[in-house]
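Participant: Based on the sequences and whatever the hints tell you, model everything.
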Amino acid sequence: MAVIDVRELTAHYILGLYGRKKEISAVDNVSFGINKNEILGIAGESGCGKTTLIKVLFGMVKLPLIVLGGSVTYNFGNSSIDLLSSEASDADSIGWQDVSYIPQGSMSVLNPVRRIESTFRDFIETNLPPEEKDEYERLVKDQLFILGLPFEVLKSYPHQLSGGMRQRVIIALATVLKPRVIFADEPSSALDVVAQRGVIQLLKKIQREQQNIMVLVSHDMGIHANLTDRVAIMYAGNIVEEARTKDIFKGALHPYTKYLIGSLPKVGDKLYKASVPGPPPPLANPPKGCRFHPRCPHALDICRGDPPMFVDAGDGHKVACSFVAKEMGL
Amino acid sequence: MKSNTKTFEVRDLTKVYNIGGGLSRSKVVAVNRASFTLGDRGPEIFTLAGESGSGKTTLARIALGLVEPTSGNIQYDGKEIAYIKGRKQRMAFMREVQPIFQNPFETFNPLKKVYTYLYETGLNYNMAAGKSEMDQVIEDALVAVGLSLEEISGKYPHEFSGGQLQRSSIARALITNPSTLIADEPVSMVDASMRMSIVNLFRELKEKRDVSVMYITHDLATAYYASDRISIMLRGNIVEMGSVEEILDDPLHPYTRLLLESVPEPDTDQKWEKEIALSTFEEVEYAQIGCKFAGRCPHVMETCRKKAPRDIYVDGRLVNCYLYMKK
Amino acid sequence: MFQIIKYLFKNDIRFRFGFIAIIIVIFLIVLSFFSAYDARERNVVPKNLPPSLKYYFGTNSIGQDIFWKLTVAIGNSLLLGLVASCISRTIGLTVGLISGYLGGRTDRMLSTISGSFIVIPRLPLLILLSFVFKEKLSFITLGVILGCLDWAWPGRRYRSQILSLREMEFTYTARFSGMNALKVVSKEHLPFLVPYLMADLISGMLWAIAMEITLAVLGLSDLMTPTIGTMVFWAGYYQATLKELWWWISAPILAAVFTIVALYLLSASISQYLDPRTRLQMISVKG
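Protein chains in written order, with numbering that gives the first Met the number 0: chain V, 0 to 329; chain Y, 0 to 326; chain R, 0 to 286.
Because the hints were derived from the structure by calculation, they are not lab data. In this text, all values refer to a predicted model and were calculated from it rather than measured experimentally. Using N, Cα and C, we set each Cβ at its ideal position, and we do this for glycine too. Treat the hints with care, since some could be wrong.
[As the list claims (entries may be wrong)] Facing chain V, from chain Y, some residues (calculated, C-beta under 8 Å):
#1 Leu146
#2 Ser147
#3 Pro263
[Claimed, not checked] Pairwise CB distance ranges, derived in the manner of DEER restraints:
#4 V/Leu14 - Y/Arg86: 38 to 48 Å
#5 Y/Arg86 - R/Asp106: 16 to 26 Å
#6 R/Phe1 - V/Pro286: 31 to 41 Å
#7 Y/Glu105 - R/Asn10: 51 to 61 Å
#8 V/Pro278 - Y/Asp248: 34 to 44 Å
#9 R/Asp106 - V/Lys177: 55 to 65 Å
#10 R/Leu127 - Y/Lys154: 51 to 61 Å
#11 V/Pro278 - Y/Glu105: 16 to 26 Å
#12 V/His158 - Y/Gly153: 38 to 48 Å
[To be verified] Derived coverage of chain Y by chain R (criterion: at least 3 residues anywhere in the stretch with Cβ under 8 Å from a Cβ of chain R; other residues may be distant):
#13 87 to 99
#14 185 to 199
Facilitator: The following block contains the structure:
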């Protein structure tokens, strides 16, 4: 059974200023499941809704974001907790020991006037029951050791560390209590290429050590190739394809995914590569039917009116595309 | 077709920033004795590649005349850029050399329509006589980047997607018929799926309009795809320079090798294997005497830490590393 | 323009309040031209009468109708405020823009000058000037002097705005588009300054009015001209509170508070509306 089960999740932003209203359909009818000991990647470009999806999965639903429908269920062992249920106690029972979140741009999150060790201490003491408070030193040293981070960072101030080191410290902090689920939103996008590699390798190490679930949101397909087990491709608020990472890169089925993979440049390759044609869709007024149809070379009549057909191509490979359904004779 | 042979000649260009004041002053050498030429053998796409703090952006700003160098020469068409004073000279320079900035949404004033910039450029450089001729000039520039006047007319920057807006920025730069574009990370803020259309555009501009591009980036994949020559920068120094196929297919400098290895390939067969050493404290590297890579280099020797290596030429390319010094 | 007013009226309660209040004030000022009495004349009506249907705000010990005098007084005070504010903000804007955009030696020189003006202790200086010039200090002259004393801080604010705008990428784009310094400042930067200017203009008026009241209450300005300040002065001079002529002292004070609050509300709502960030949000909600 999936540890995190998402069913038909729909979430919109309702914006209003000086009497004008606008509704942005950021997440539309999204369903998927995340299994134990798995790194799931959520890929997509800016404005596809991936950050919104992560926020809802983590339970950070604040105005102007509203969940219009669907469910997010956490199945930890014996208990099933519906995160979005109206009973507040349910959601509160999931704390930082279970689910951890690394937001975008989090390198700037560290308090600049405190040493790293103080930040660690605060975090651990706030989240552990009082009896275990003194465990902090042992936990931190263990964590740094396992992750291969030098102990000298503890005594430093954030500005003394390089950007890549700060990010890794944040990740160490967010995972020091060995959470069951880690959400990472673009954990390395602000970093240089070499620092980025360090961060991604660190995440991999943590997941192997702690055997937990990791959900990684990134627009960089190279990171997905290197880190994730499965990838879900998002476009304009929908998940258009979901498969094992290898299958996405070697055998993508959805036209958008094919374009995306095909347009990625590689060192050593000077052959002509094309972009996806046309402009990205406005989420305030998304196209009817399949949201990709205005830019799709294979758009059928049915694509313009009805939402795309859902295809299970076997082996965990799922596609939402009427054209693919037709090709497969469904 | 008019052949633009205007070239950039950079020799020993150095820029030093003094930080702090009073009792605690320190120096940051942002660019250290950079030397190269651009466009001397016809229009080309020349990449300045490096991570943040490598000095590539500072160098671009010096090339645009926005920052004054501390020492060394940088000449365009035989004239020293730092000595360009007075409106007439400045306009003549800007006519030939135009910038493309990283963030298209910051390139334009959010309160003004995008068209106004194209119009102003055409107006101030006398590119047309009357309004209809001007609109034609603007239309030509827009068509060259894959847009049209109808598409952009009346719209504010936020009404465009990143890719479209960046293309508008390039169109604006093309109105004066420049010989060189200095593009600072032009695609890093554009979505992956739109990126290639802009990179392809640079290739097209070079081939069809004889425009050279100084392409500043940290993305080696697009650099390989688009450029002819590349120079790798580390903490202000050019550590390797040559044709892009040579350098990236067969890197010699240990830092270039590290960079290449760290690029996450969109290919599941090429995952990272071994772990790498990362720098902990940033200032330490900057302040390093000798080779700036000595702190992380797997082949570091005693001399590396004492004195910076000199430029060494290996098979037509430049490498700045003791490993290749002939005894 | 009208659309903006209609729009703000509908959606911003502060604007509604402030706008109505200012309309009332302007109405009163217009009324002043139809006053049956010359506000400077004495003994035109019976003295010390409380508010009634004939004398709306009552009469004072000098034998003047307070209501009609007040209409003139508000007009004069506002006029003084307007003169002072326009002068100070014009000087401040010019100095700030030049200083901020050109930088270098010009900036240093102008900043030194503005710094000198900032440290001038204005109230003591004004008191001194009032002593020296006593009756010759007409209230318009006072407005001009106030204007010349109040430009430095606003100038600094505009300068710092320009300093940050100057480094924005679109300023570079404008320069590479061939725009000269004047065009860049007026077309690229000024639109960002307009909200500050609007709010600043009104805050300048408020300062000038307050200064005038202060000087008048101390008996240092031209006491024969009816302004809010001088009305308060005369009420004090004739010991209105001791004689329980509450209407005499409260009328100008209430009028001052009313006008100042109205101006403040207007400025806050207009400047929020004009703030580029709000405009951007609105544009993105619309589009």
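Participant: Compare the structure with the hints numbered earlier in the document and write down the numbers of the violated ones, lowest to highest.
Facilitator: 1, 2, 7, 14
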